[in-house]
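Numbering-wise, the sequence shown is residues 9 to 706 according to our numbering.
The hints are simulated quantities; they were obtained by calculation from the structure and are not laboratory data.
No experiment lies behind these values; they were computed from the predicted model shown.
Backbone N, C-alpha and C define an ideal beta-carbon position, used for all residues, glycine too.
Check each hint, because a few of them may be wrong.
For each label pair, taking beta carbons as the anchor points, the in silico distance ranges come out as [unchecked claim]:
1) L132 to D690: 35 to 45 Å
2) N204 to S150: 29 to 39 Å
3) R368 to S316: 50 to 60 Å
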Amino acid sequence: MNLTLDKSTLSVMFENPAFYKDSQDYLCRGGKIRCITEITPENTQKCKELLNLNYELRHLDELKCVMVVNDSEYMAATVFGKGQPMTQIIYSNSDDVVVQGQYLFETLWSNSISALKRIKEIELEIEPIKTQVLENAQEAASNIYKVIMESKYLSVCCTADYMQLISKYYLDINKKMLEKHHEGKSKAIRWITSINDNKDIDVVNAFTRDPLKIRHTSERLPINFVVSDKYIASTTENMIGGNNFFSHLLLSNDPLYVEHFYHIFNKIWKQSVVAEDRIKELTDSEFFKARIISNPQKSLRLIKKYYSLAQKDILIILPSFNGLIRMERSKNLEKLNELASDGILVKILIIQSQGMDYLREIKKNYSHIKFRTTQINFPIYHRITIIDKTTTIILKIKDDTITNTPIALGITTFIDGQTTALSYTGIFETIWNQAEMFESLKKINEKLHSHKRMQQEFLGMIAHELRNPIQPIIGLTEYVKDKIKDKRQIELLDSVINCGQKLNALTENLLDVSHIEDNIFSIDKKKFDLSKSISNIIKIFDNLLRKTGKKIEFRFNYSEKEYFIVADRNRIEQALSNLIHNSIKSISRKPNVEKQGIISIRIKELTTTMTTFTNSSRYGKEKGQIIEISIEDNGQGIDSKIMKDLFKKFKSTDGYGLGLYISRKIIEAHGGNIFADKKKKDGAKFIISLPMLTKELK
Numbered sequence: 009m010n011l012t013l014d015k016s017t018l019s020v021m022f023e024n025p026a027f028y029k030d031s032q033d034y035l036c037r038g039g040k041i042r043c044i045t046e047i048t049p050e051n052t053q054k055c056k057e058l059l060n061l062n063y064e065l066r067h068l069d070e071l072k073c074v075m076v077v078n079d080s081e082y083m084a085a086t087v088f089g090k091g092q093p094m095t096q097i098i099y100s101n102s103d104d105v106v107v108q109g110q111y112l113f114e115t116l117w118s119n120s121i122s123a124l125k126r127i128k129e130i131e132l133e134i135e136p137i138k139t140q141v142l143e144n145a146q147e148a149a150s151n152i153y154k155v156i157m158e159s160k161y162l163s164v165c166c167t168a169d170y171m172q173l174i175s176k177y178y179l180d181i182n183k184k185m186l187e188k189h190h191e192g193k194s195k196a197i198r199w200i201t202s203i204n205d206n207k208d209i210d211v212v213n214a215f216t217r218d219p220l221k222i223r224h225t226s227e228r229l230p231i232n233f234v235v236s237d238k239y240i241a242s243t244t245e246n247m248i249g250g251n252n253f254f255s256h257l258l259l260s261n262d263p264l265y266v267e268h269f270y271h272i273f274n275k276i277w278k279q280s281v282v283a284e285d286r287i288k289e290l291t292d293s294e295f296f297k298a299r300i301i302s303n304p305q306k307s308l309r310l311i312k313k314y315y316s317l318a319q320k321d322i323l324i325i326l327p328s329f330n331g332l333i334r335m336e337r338s339k340n341l342e343k344l345n346e347l348a349s350d351g352i353l354v355k356i357l358i359i360q361s362q363g364m365d366y367l368r369e370i371k372k373n374y375s376h377i378k379f380r381t382t383q384i385n386f387p388i389y390h391r392i393t394i395i396d397k398t399t400t401i402i403l404k405i406k407d408d409t410i411t412n413t414p415i416a417l418g419i420t421t422f423i424d425g426q427t428t429a430l431s432y433t434g435i436f437e438t439i440w441n442q443a444e445m446f447e448s449l450k451k452i453n454e455k456l457h458s459h460k461r462m463q464q465e466f467l468g469m470i471a472h473e474l475r476n477p478i479q480p481i482i483g484l485t486e487y488v489k490d491k492i493k494d495k496r497q498i499e500l501l502d503s504v505i506n507c508g509q510k511l512n513a514l515t516e517n518l519l520d521v522s523h524i525e526d527n528i529f530s531i532d533k534k535k536f537d538l539s540k541s542i543s544n545i546i547k548i549f550d551n552l553l554r555k556t557g558k559k560i561e562f563r564f565n566y567s568e569k570e571y572f573i574v575a576d577r578n579r580i581e582q583a584l585s586n587l588i589h590n591s592i593k594s595i596s597r598k599p600n601v602e603k604q605g606i607i608s609i610r611i612k613e614l615t616t617t618m619t620t621f622t623n624s625s626r627y628g629k630e631k632g633q634i635i636e637i638s639i640e641d642n643g644q645g646i647d648s649k650i651m652k653d654l655f656k657k658f659k660s661t662d663g664y665g666l667g668l669y670i671s672r673k674i675i676e677a678h679g680g681n682i683f684a685d686k687k688k689k690d691g692a693k694f695i696i697s698l699p700m701l702t703k704e705l706k
């Protein structure tokens, strides 16, 4: 029995003696009750009593649904008023309504949390993990206030417009944060923004005070967010002018979100510059220096001079391999390799990936330099050099196809300024890391493909090696069996034959898997009546079961109606036989079987709007006709642990896990679909759908 009760209904029903007694009786008879409710500080004790009664209890916030559903009945009611009985009750025993009610309950159940966890949160006053989107300006404002006041530290990343907004609405809060810091109750507030003009400078100056640490980033901020030790709040709204408060806010206390945004903030913080330096750069013309040189020869001499002045690192972006050739011919690579051997980090990034043979030779000759190429062409057309993250050199390429350096080059711009250098460094590092990740993934992918090929070759080899001796073993054993009369010896030989047949079936399955993996799985489609094929399969299994003495009844809704399909008859029968064989094994495994085993097979024609069953429009596509075959048993059922991997190879708690994998591949090769009914509690049920031959082609 499955129940959903809102918090007020829980209290009223629990105080009803009849409800309490009926629940106890039902559970004592071996019944199972799953219940979802909203657990609050007021009803915690009642929930504990339900748990003591062996209820399976879960919590769901703001639950307003009163519902009871079992295998055959569904009931829903209006929510209780305080001290008032239910005014309306909806009852149904319709299969469709019951199934819909079960589906609704399972959906709520999967979104709820353990009652013990919720009770612990209430008793220990632990705030539950919650992620929500606030769409009300007033609610967003109050939650921002909560984030600021309840946090030990704050890291804010936003545009200057948001800073202007905060200066209007949260100036008093910032003062309180500063007071908390001076009292030792909170750490410094870190703030990242973009400072681009006098208006931004005025806003930043209004905030610049200890312990408020402000930095400038040249990166375009896609979102504005604040992260603390407890919360993350973010919005993507544009706040031009900082006049209106934002109306959409993502708020979460999920540790994963908090850690993720904290990592993003720290990454941007490391690449940003102190606000005072940025303001000085914008206001002091002496701080930002740039000069342009039009003579290529003079530019090259000056570039080498800058190389010699480097103390930490030299980063170079080249638009193509021709740029690398020009650097080698102008002796630049030789100079850089010498600096790299002395401890300077030299990294050269080549945008285009042609000319890998040449690069391998270059790497040998200049082994101290780090080289990397990209697999994606970026819109970079000039040579860009960053030295010590303070100097940027942009060398214009007039004609990249020319390898003669002075002829190919144009004007050169030398920029002394940390902000510009950090901007280009960010671009360099992004492309460099992306190229590194691509190379790592490429190597992993090659290893996986190599491993897969070895696995396929091994399976194929083993299957072929086993196949040759199996048939003679079975045949010779049957021959010897026919020549003897000793019952004990006949039983032993029957066991050998049975094992041989199992080994033969495994070998055939391994060959099928090998063919599937190698994309040589053959399908020979012809028109045939599916219902007659199923009848023949049932007769074969009936004869086999009669010999073993197993009592299993087959129920097939065959009524002389023809269901024509165009398919490979042998392969379709192989898939169906695999499913029936699994049902027989499942019934045999079921402990304490009191009733006779039953395997029900149903076949019916459906009309659907789906058109994914076949690539050919000749076979039922335009009419949307499919045949659905269901195979259901009352056996042990499917282990929930392997449900999600049910149709993968070698995934099974019994056998080798190949039958269902092969069956799925066969059905999918015919444009069909196969799946297991996850809601079935007793036994197992598999459903196959196949495209049906249209009436005009029959």
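Problem set entry | Numbers of unmet hints, in rising order | 3
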